[in-house]
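Peer 1: Chains A and B supply the protein sequences, listed in that same order. Read in this note's numbering, the first sequence has 192 at position 192, and its numbers run on one by one without any break. Read in this note's numbering, the second sequence has 81 at position 81, and its numbers run on one by one without any break.
Incorrect hints may appear among the rest.
Since the list can't tell identical chains apart, any single copy or any two copies may satisfy a pair.
What the hints assert, rightly or not - Within a straight-line C-alpha distance of at most 30 Å, the following computed DSS-like cross-link-like pairs (lysine-lysine) qualify: (1) 249 <-> 136; (2) 136 <-> 81; (3) 2 <-> 249; (4) 133 <-> 222; (5) 136 <-> 2; (6) 168 <-> 136; (7) 2 <-> 158; (8) 121 <-> 133; (9) 42 <-> 2; (10) 81 <-> 2; (11) 136 <-> 222; (12) 222 <-> 249.
Source of the hints: derived by calculation from the structure; they are not laboratory data.
Residues per chain, in single letters:
There are 2 protein chains.
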Amino acid sequence: MKAIYAGERGSFAELAAREYFGRKRRIEQVELFEDVFNDVTKCPGVQGIVPIENTRAGSVHRNYDMLLESGCSIVGELYLKIGQFLIANKTATPRNVRRVLSHPQALAQCRTYLRAHPEMKPVETVNTAAAVKTIKEDRSLDSAAIASMQAAIDFDMKILARNIQDDKNNMTRFLILSRRPNRSMAKGIPVKSSIVFSMRNIPGALFRSLAVFSLRDIDLYKIESRPMFGQGFQYLFYLDFEGSATAEKQRHALNHLQEMTSFYRFLGSYPVGRQVAPVYGRR
Amino acid sequence: MKAIYAGERGSFAELAAREYFGRKRRIEQVELFEDVFNDVTKCPGVQGIVPIENTRAGSVHRNYDMLLESGCSIVGELYLKIGQFLIANKTATPRNVRRVLSHPQALAQCRTYLRAHPEMKPVETVNTAAAVKTIKEDRSLDSAAIASMQAAIDFDMKILARNIQDDKNNMTRFLILSRRPNRSMAKGIPVKSSIVFSMRNIPGALFRSLAVFSLRDIDLYKIESRPMFGQGFQYLFYLDFEGSATAEKQRHALNHLQEMTSFYRFLGSYPVGRQVAPVYGRR
C-alpha cells in the first residue's frame, strides 16, 4: 500500500502526504504531478496527493485538467496551513542578506516582506529546496532562501524570520486520488462530492445547473470554470457540493442536471477535509 | 496618447497592442504586468493592454487580482489567435534538432508535437524572445526555439514548423485598461459589462446572484472565482454579462445584486471584442 506525491523533499506536498497518510501507507516521491495521476491510474493499490487550490494563488489549473484526462477519482481532501520561512547558513545574520532565492510562487507569497526589505534582491529558482541547497553549498552569508520550516530542518540551517508570507491565513487544499471512487464512508461525518460537466447551449445554462442544487437545498462549496480543449471559450464546470452522491436528494439533483449537460463525469464523494498545520520534525 | 503592454518585442502582447491600437496611439513596452496597471492608474492619457485568459491555459489570475487592486476600468477587449512556430538558424534542418528552447507555457502548449519528437529535449527560458536570441547568438544548428512568427521575422530566422500548438483554435483574450470607464459607446454594437463582487453569507448565495441576471434574460458570458485575500476559501466572483450597465434591465439587475453583496465593484462596459489573427511583418 503506497502513497505518492510530486515535489522535492521538505515541500508542502510531502508534509501534506505525511499528515494525511501518517504511517498507514509507504510514502514515495515522484517527479511531476503528471506522474502522480499516471501511477494512480495504472496501479490499483496506489493513492496520490496533489495540490488543487491555494487561498492566495487560486486553483492549480493543470491538476484540474489532469483530473479529467486521467480518469482518477477523488477519495479525500486535506487543508494544509502554509508558512514561509527565511532560511540561511548558521553564521548568517538578517542584516547582511542581499539576495533571497526561492520558487517564483513562494517569492510572490512574500511580496510585502520583500518590499519592506528593498536591500534583498529576489532570485528565482526551480523549487524551494533548490534555493536552500544552493546557499548551503555556496556557504553564502549574504544570501537566504524562502522555504518551509521542514527544509530548514532537513538541510540543518538557521531560521532568520518566520511566517513571512503576506497572508497569515494562507492554506493549500490537497486532493487524495485513487483509481476507484470510495465505496462506503463512515456514517455521520460531513461529506462532499465533486463533479465536472459542460452545459448544452441553452439560455441561462449555468443558472439552471445551479438551480438543480439550490431547489433541493444542497449547498455548493465551489465552482471552477475551465475552457474546453479545442472549443474556444466554451467552459467545463467543476462543482463541489454538500453530501454524498448516493444520498436521495443528491441523486435526484444529479439526474436532473444530466437532463441539461452535454458532458458529465462524477469525480467522487469523500469526507470534508480537516484544516491542519504541518508537523515539522527530523526524519 | 500612449498605449502600453508588458512583454518582450515580438510577443503576443505586442501583436495584440498593434492590432487593437493600430496607429491611433504610440505603443510602448514596459517590463511587468504590474507596470501596466500602475502607469494606467497614474496617467489619465494612457491605455494599457493585458492578457486575461487563454483557451488552453485558463485565466491569468494575477491580472484579475491587479484589476481589483489598481482600480483600473475595462474599456475594451480583443481575442487574438495564438500560433506557435518552431524557429531555428537559417542553415538548421528539422532532423538535427535535439533541444527546443521556450517559455514553460509555450512548451506546454506544444506538448503533442514534442511527444511526437522525443529526440527534441525541451529547455525552459524566461521568455520566448530569449529562446530565439540564445540560439541565434550561439549559432546553434541542433537547437530550435518555440515562439511567434513575429519573433522569427524580428530575429531574421528560419521557420522549421508552423502552428505546432496542440489546440489549433488557441486564443488569448486581452483587456484594454484605462483610468476611467467608457462614457459613451457607438449605438447598435454588441456591448458587455464586467463586475466583481462577493456575497453575504446567505444560503444559495451564488445561485441567487446569477438569478438576478437570468430572471431578466441577461446572458452571462463568464464567471470566475478567486479566493479573497486573508479570508481563507471565501470567494470573489468576476462576472461578464451582456449589455451596458446603464441600460434599464441591467441597471435593475445590478441594484438587485447589491442587495445581497458584501462587496461590489463595477469594472466597465465595452464593445464585445473581435477575434483576429495577428498581422506579422517587418517593422
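Peer 1: If a hint holds in the structure, say so; if it does not, say that too.
Peer 2: Checked hints:
1. 249 <-> 136: Neither: 57 Å inside a copy, 63 Å across copies.
2. 136 <-> 81: Classified as within; 26 Å inside a copy, 46 Å across copies.
3. 2 <-> 249: Close neither inside one copy (35 Å) nor across copies (57 Å); limit 30 Å.
4. 133 <-> 222: Result: close neither inside a copy nor across copies, 38 Å intra and 44 Å inter.
5. 136 <-> 2: So residue 136 and residue 2 fail the 30 Å test inside a copy (32 Å) and across (47 Å) alike.
6. 168 <-> 136: within (28 Å within a copy, 46 Å between copies)
7. 2 <-> 158: neither (33 Å within a copy, 49 Å between copies)
8. 121 <-> 133: Both: 18 Å inside a copy, 26 Å across copies.
9. 42 <-> 2: within (13 Å within a copy, 55 Å between copies)
10. 81 <-> 2: Within one copy only: 24 Å inside a chain, 44 Å across chains, cut-off 30 Å.
11. 136 <-> 222: Answer is neither; intra-copy 42 Å and inter-copy 47 Å both fail.
12. 222 <-> 249: both (19 Å within a copy, 28 Å between copies)
The earlier numbered hints that this structure contradicts are 1, 3, 4, 5, 7 and 11.
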